[in-house]
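Note that the protein sequences, when read in sequence, are chains Y and V.
Mapping to my numbering: the first sequence position 76 is 76, numbers consecutive.
Count along the second sequence from 1, add 111, and you get the number used in my numbering.
Don't read these hints as lab results, they were simulated from the structure.
Glycine included, C-beta positions come from ideal geometry on N, C-alpha and C.
Treat each hint with caution, since some may be false.
As the list claims (entries may be wrong) - If you anchor each label on the Cβ, the simulated ranges turn out as follows:
(1) V:Ala223 - Y:Ala17: 42 to 48 Å
(2) V:Pro119 - Y:Asp11: 32 to 38 Å
(3) V:Leu194 - Y:Ile74: 37 to 43 Å
(4) Y:Leu80 - V:Asp173: 41 to 47 Å
Unchecked claim - So the derived list for chain V, only partly shown, Cβ under 7 Å to chain Y, looks like this:
(5) Thr142
(6) Ser144
(7) Gly153
(8) Phe156
(9) Gln159
(10) Gln167
(11) Leu201
(12) Phe221
(13) Gly224
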Amino acid sequence: DAKTTQPPSMDCAEGRAANLPCNHSTISGNEYVYWYRQIHSQGPQYIIHGLKNNETNEMASLIITEDRKSSTLILPHATLRDTAVYYCIVRGETSGSRLTFGEGTQLTVNP
Amino acid sequence: DAGVTQSPTHLIKTRGQQVTLRCSPKSGHDTVSWYQQALGQGPQFIFQYYEEEERQRGNFPDRFSGHQFPNYSSELNVNALLLGDSALYLCASSPPPGTGGFGSKNIQYFGAGTRLSVL
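Bound-form chain Y, shown alone:
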């Protein structure tokens, strides 16, 4: 699996968009980008995933650069309940079911 790099922490004002970056410069062509988040004392929660096109669901949007070496998770209107650790994970078919979590980004949404 390609290594990912995320900032250790970020702050965001409630109601504003939260943009969480992830660098995965060694990603290979068949590897997907997944985002999970973990609210304190809970299990990780799947947010979104993508291969090369931008993706949007009810929780967030995922923007992947054309060269696929980085991506941004966007929470369009952050709320206090979005305060969590956000993990960017890159994995391909050879990973099986293994998810390799890094340190993630602690996002704090402030009132």
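Once you've looked at the hints, dock chain V against the given chain Y.
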């Protein structure tokens, strides 16, 4: 639709003891993975069970073993507990192969975890 359920929620053991943690996967899922999360760190993959067999294993000693039952539920067993085994143990389930293509097939759904304290 019940999600992934784990029991117990909390557990206290002493060094040298053995522990069994349990997991019921999300309805329709047949693959179960286990993770260990030490305080302040991301989850670390222990192993995965599919069709009642261990299919993939992370860098954990043989003291960590598991089992999957015909109803897809799973157990994680840890023998000869060490202080360093204190952690949150997470179970995750995923749908059968061929469901929705590789990307969607490998979405994992996590339980709330079992907090194990070894004294």
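Please check whether V:Gln167 passes as an interface residue: C-beta within 7 Å of a C-beta belonging to chain Y. Where the cut-off is 7 Å and the nearest Cβ of chain Y is about 4 Å from V:Gln167, the hint holds.
Minimum beta-carbon distance criterion (7 Å), V:Leu201 to chain Y: holds (5 Å)
Hint validity - V:Phe156 Cβ closer than 7 Å to any chain Y Cβ: This hint holds: V:Phe156 lies near chain Y, its Cβ roughly 5 Å from the closest one there, short of 7 Å.
With chain Y as the partner, please determine if V:Gln159 meets the hint condition of a C-beta pair closer than 7 Å. holds (5 Å)
Indicate whether the distance between the beta carbons of V:Leu194 and Y:Ile74 respects the range 37 to 43 Å. holds (41 Å)
Given hint V:Phe221 near chain Y, where the shortest CB pair must fall under 7 Å: For V:Phe221, the interface hint holds, since the closest Cβ of chain Y sits about 3 Å away, which is under 7 Å.
Satisfaction of the V:Gly153 interface hint, Cβ to chain Y closer than 7 Å: holds (3 Å)
Evaluate the given range 42 to 48 Å for the C-beta pair formed by V:Ala223 and Y:Ala17. Taking Cβ atoms as reference, V:Ala223 and Y:Ala17 lie about 29 Å apart, which means the hint is violated.
Return the status of the interface hint for V:Thr142: holds when the least beta-carbon distance to chain Y is below 7 Å, violated otherwise. holds (6 Å)
At a threshold of 7 Å, is the proposed contact between V:Gly224 and chain Y supported by beta-carbon distances? holds (5 Å)
For the hint on V:Ser144, just tell me whether its beta-carbon gets within less than 7 Å of chain Y. Hint holds; V:Ser144 Cβ to chain Y Cβ min 5 Å, cut 7 Å.
Does the Cβ-Cβ separation between Y:Leu80 and V:Asp173 fall within 41 to 47 Å? holds (44 Å)
Hint check: a violation occurs at hint 1 only; the rest are consistent with the structure.
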